[in-house]
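Heads up: the sequence lines are chains A, B and C, in that order. Counting in the working numbering, the first sequence runs from 839 upward without gaps. Counting in the working numbering, the second sequence runs from 3 upward without gaps. Counting in the working numbering, the third sequence runs from 18 upward without gaps.
Be aware that a few hints might be false.
[Claimed, not checked] Here are the simulated BS3-like pairs of lysine-lysine, each with C-alpha atoms no more than 27 Å apart in a straight line:
| hint | chain 1 | residue 1 | chain 2 | residue 2 |
| --- | --- | --- | --- | --- |
| 1 | C | K457 | A | K885 |
| 2 | A | K884 | C | K457 |
| 3 | C | K525 | A | K884 |
These are computed hints drawn from the structure, not numbers from a lab.
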Amino acid sequence: MEHATQELGPLAVHTAGYLWLIPLFPVVGAVINSLFGIRIQRTLGKKWNHGIAVGMMTLSFLVALRALAEMISLPASERFLQNTLWNMATAGSMRFDLAFALDPLSMMMVLIITFIGTLIHVFSIGYMAEEPSYWRFFAYMNLFVFAMLLLVMGDNFAVMFFGWEGVGLASYLLISFWYTDIEKAKAGMKAFVVNRFGDFGFLIGLFLLFWSLGGVWQPRADARSVRYVPEIGYKSDSTALNPYESTGPRTVTIHGHAIPLGPTLNFRELRDQIVVEGTGVGEHLRHQKVWGVMLLTLVAMLMFVGAMGKSAQLPLYVWLPDAMAGPTPVSALIHAATMVTAGVYMVARLSYIYAMSPTAMGWVATVGVLTAFFAATIGFFQYDIKKVLAYSTVSQLGFMFIGVGVGAYWAGSYHLLTHAFFKATLFLGSGSVILGCHHEQDMRQMGGLKKHMPITAWTYLIATWAIAGFPWASGFYSKDEILWKAFTQRGMELFGTPAPWLGPAVFALGLVTATATSFYMFRSYYMTFTGKYRGGAGHAEEHDEDPHSAHAAPHHVTAGHPHDNKDPVVHGAHAVHGAHAAHTAHAAPAHAAPAHDDHGHHGGLPHESPRSITFVLVTLATGAVLVSLLGIPMLWSHHEPILEHWLAPALPAEVSFAHFSHATEWLFQGMGVAAATIGWFFAMKLFKDGKSSVPADLKARFFGVWTVVYNKYYVDEAYHAIVIRPALFLAAFLSWFDQHVIDWFVNFVGWVARLLAAVDDAFDKYVVDGAVNGVGGLTREGGRLLRRIETGRIQTYLYGAALGSLLVVLLNFLFR
Amino acid sequence: MIPTLSHYLAVAAVLFTLGLFTVLTRRNAVAILMGVELMLNGANLNLVAFNKFVVGGLTGQTFALFVVVLAAAEAAVGLAIVLSIFHTFKTIDVRAADLMRE
Amino acid sequence: MIRPDNVLVWATFLPVIGAALILALMSVRHFLGLPKRFLDQSSRWITLVASFLMMVTSILAWAWFDPKAQGLLVQGKATGVQMVNRGIWIRPFNVEWFVGVDGLSISMVLLTGLISFVAAIASMPWWQGGEKAIHMAGMDEDDHGHGNDEHHPKHFSVRMVPGYMILLLLLMTGMMGTFVALDMFLFYVFWEVMLLPMYFLIGVWGGPRREYAAIKFFLYTLAGSVLMLLAIIAVYYRSLPAVLADGTLSAKHTFNLLELAAQGRAGQFATAVPIFGFAFTKIVFVAFFIGFAIKIPMFPFHTWLPDAHVEAPTPISVILAGILLKMGPYGILRFNYPLLPDATEWAANGIAVFGVINIIYAAYVALAQRDIKKLVAYSSVSHMGFTLLGMAAMTPMAMSGAVLNMFTHGIISPALFLLVGVIYDRAHHRDMERFGGLAKELPEYAGLTGLAFFASLGLPGLAGFVAEFMVLAGAFPVYLTFTVISATAVIITAAYYLWAMQRVFLGKLNQAYVGFPDVNWRERLTLYPLAAFMIFLGFYPQFILHAINPALQMLIQNLRPV
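Let the sequences and hints guide you as you build the complete structure.
In structure tokens form, the structure reads like this:
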């Protein structure tokens, strides 16, 4: 990291007009297979489906190699290829293009994706051969690769986010690939929604960063040597008449290079602004605070929340084990080698931001090491071979975050690379085993497979060496570098408090985790490949590539385990297991794809997988060993590791480490090997050939603890209680509120209006109209009364006349 | 005893009242006509009496004669109407002749 | 024949010409002895052709529109208003026939043209792919067989066809006219013209509770338009004279929106005497705002929407969600913002609050729905909240995002309602709990629905994302907390859509739905263009943004009182 002290200039850009071809090929494959795949499969046969998919992948890989060649030919500081297609959106001070960029870091990622991706596509040909929705699988896989390439090649945050969510989509589609099993569908949904939690944090972090470049959070006077251009908005005080002129990027010229300033989504512009000293932007950002927290810390931590989701870190890791519901090649490609490392890639890509905030570094490293340890402990007790690998992946991702957290960005990236190889090997090995064992995933039903499938066994063993951290297999170099850098990192802070002890603490826990890793990986190797074959024909019914066992676990803990408990490893367990598999919901008709069943019913002894699979396994295992050449430590060769040198231009962060003697470094390497050895030793003692009864005894003694860990600390259940249930309750309540309060109010207004109308109607009827009718009625009634007098008889009238005249006479007398 | 004006008047009043009573109470049209005659005669008696005791000359008598002639005419017309009524209603009960009521 | 100066007139009145043709046919029917079937078919064709021509003219208008042009000058200032067609209508009241488009309305004109045609296609009982599908949807033209019973009601597309078509065409004219009118009075006339056909279309051709829904919709909207009318009158009597189409000065007042905007900017309304002790501008602002907010629909005026959507026939839902909801924000941006800049500043925080409530509240309510059409309806409410929030923030990014959101939502939500219609035509219910595993039986339908769902939940690469992103990013510096709260909607939205997806399409196939036909050609004709447009806009939103940006910039600048 000595190069960090020299002053960095702006990036030199080389236009490479063909970069867009790299993501184009996979998306073309995806479109062809998704629109016409089913017809192709029916009329031309499956070989055309995978022919298209693999062909596109290969083309993409070849273009990537071309880009690599061009990049190598450039001087180290100018290794930045860029290709703009079109302007996607411009509004105010935001502008982003559909543009691709390759620097050494993304070059590495592209090579991983296209190379391992192609291999896994080839693997899938054999693995998915009997799948009726063959075309769909390859369409999704190509779509995934496309999205992943967008993610790593994006020239700006927007394109990166396109990929970021696109891989989420592909992951969703592939996890719930066998959607007829509702549990698998749920696993897909879980993955997507949990990732959205992360995306939420990522977006907020991105907005904070974007606007802080615009100088919104602080008065402009704070920024030195640059004139900040806040967005020309209503709230701003700019008086420019033509908004296009004023929102155009301001530039500052340093050493003859014009560096645009202001809010940007572009990685290169962001890097130039922050990394190049003369702009003053970095210095300015360092002093800004939001909500009383240092702005960059907040940005880094929020963006790391996005990484937590995508890269399955505590507490958002829960989706990854369930994601094993997808077909095994998917687990290998997406949930081990590429997508889940997107978070690590993102932190490395923004290394200059993380490096400016010791608190963020501490936060990343702490989360990383805790996740590593936590997942490793769960990995101890899983019986599903894919679950073991899934937790191992979570754990290894934790290691990567330790690396990028403590500032060893190249080491984190290197671990990403090595992990991609050995974990892909392990997953594909497990896929080969699962195929060989007729879709059996429970390691208790395996054993002795070395005899039946030697190639798979050897490649699995090599990859296990690598992950356990034995020298000459790649994992050693990357893990050792990470732990060493963690130990020597003394500048991290924990929530604003300097914590020089944090680095060594991370190292210590990391070392323990390394031991644990070695233990559970060798456990899986020994349980699977040594001893006697414990499975048999005819129990294919209980095949399960799904998370259901995870869900079902709480149920059969009570029912099944008292039996399992006695001896989970021996033959007898099979019957018990079979029994509980039968009573779990998806025993018979819930089976995923019909072909799946057919395959399962072949029964018989396990067999080695077809050549397309073993070829891939051997290639990847070779790769897992060979990539160690890229990271031979300086201690051995007195040269900077090749990869560190290669990545240096892309990782401009300045991080300082404490210096120790060579002897100390040797000692720490020895400790790493010792940790691996201890783990291996215990695993061998306990699980080799399935002879030892110690594991069962231990389990019996600590059954309570075992149950808690076996059920993954009940984190899923806790999530259900804390997040999902309240959310659903709130939804139900608001829906009730909407119907019964707001709509009630609307209807109430309507009712009141109708009531008023009724009252008005009554008034009209009885008062207004009543008066009119009253006059008429009075007349009529009066007439009826008077009519009596009108008899038509003269005599009656004469009575009247007589009485009248008598009255007159009387009155005459009375009132004279 | 020399009859004074009051005596005449009393007799005339009795006649008139009897006539009126007849007119008001009888339902026979002919009887009613007879009642009318009585009232007219009562009035005649008044005319003559007042002429003798108050006015002098022949004015009263002239009026009385005139009334007698009128009464004769009236009786003729009245009886004709009664006949007509009888012709129409087959009775001379005045209660039947209430067509004007409608 | 069609030139830039009359293209808007054509676009507005082509549907009315179609309606007149149908009316003429109806009136001569008995003289010529035309059979009912002939009348039905010909009115359908006329509708298709008229709406197609309307779409063509609106696309022409879009093509002729130049975002950078100065446009009509009002009081010596550029307004960007183009393709003006004006003349004097009622001279004593200074009412003009005055249509034209600026960057804001041209996007809505394009949207109206597209969605109208889509709705017209969706109104046809054709291309059903066989007798079985026709029978299933209840589209049998003859009356025997199953018909009007409750369980299998007759499809709306074969009931009283000429009347339906006439009303649909009238509705189109009303909508187009609303978006192009630049005279307050004319605007109000078109606004009401659009209201009445909508009432009948829901009330006659709707679902079981159609009368209730139609009345609710009508009264609600009418209440809003009464407030609007009052505000229009108030503004009118406060306005100064302006130049009419023939160059003469109007007597005393004006209805000319552009003139009024210029006067509002100059403070003509800010200095008016208070009404009931409240500032004139605030009262008028609130009156306009409520009138438009009902259309958006904004919480708490939103409850007509789920009812109207649930009861309306599919094409009417499409129009309702695709275009009618956009009139709310459009009206606010056309009336409130330019005419009453100072009141706008006063109201901005309130609008933002309501926007946030819309977003979060409706998202949660959608999460609880079982009726898939209600879910989509509430998601509409939620998405329109983004437009409100963006408008309130008033940064260029947020405003562009708000208008882009109007457009993208106008593409996505019609697709969603069409998709709901597809399943309703087959299953005759919309209860998600009763579906399950449909992806097995209707893979193409599942794929299209997935696409639309993901577009609506804001997946990058599809139309919805950029708009949401721009609104949130643009509102962020102005309303920090609100934006953070609103952004949580991305999680809830994903949850309810994916949950719906899971309940309808995934899992074991419910045996009741075996043998359901997949998407037919009629539905493909409507869905694929929309889907293609979603993807296109997802990767090239600048297509819309380049037209609306200058207009919004101008709008924002004019918000600053001189």
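Consistency of the hints with the structure:
Distance restraint check for C:K457 and A:K885: the Cα-Cα separation of roughly 23 Å lies within the 27 Å cut-off, and the hinted pair is therefore satisfied. Taking the CA atoms of A:K884 and C:K457, the gap is near 20 Å; set against the 27 Å cutoff, the hint holds. The hinted pair formed by C:K525 and A:K884 meets the criterion: a straight-line CA distance of about 26 Å does not exceed 27 Å.
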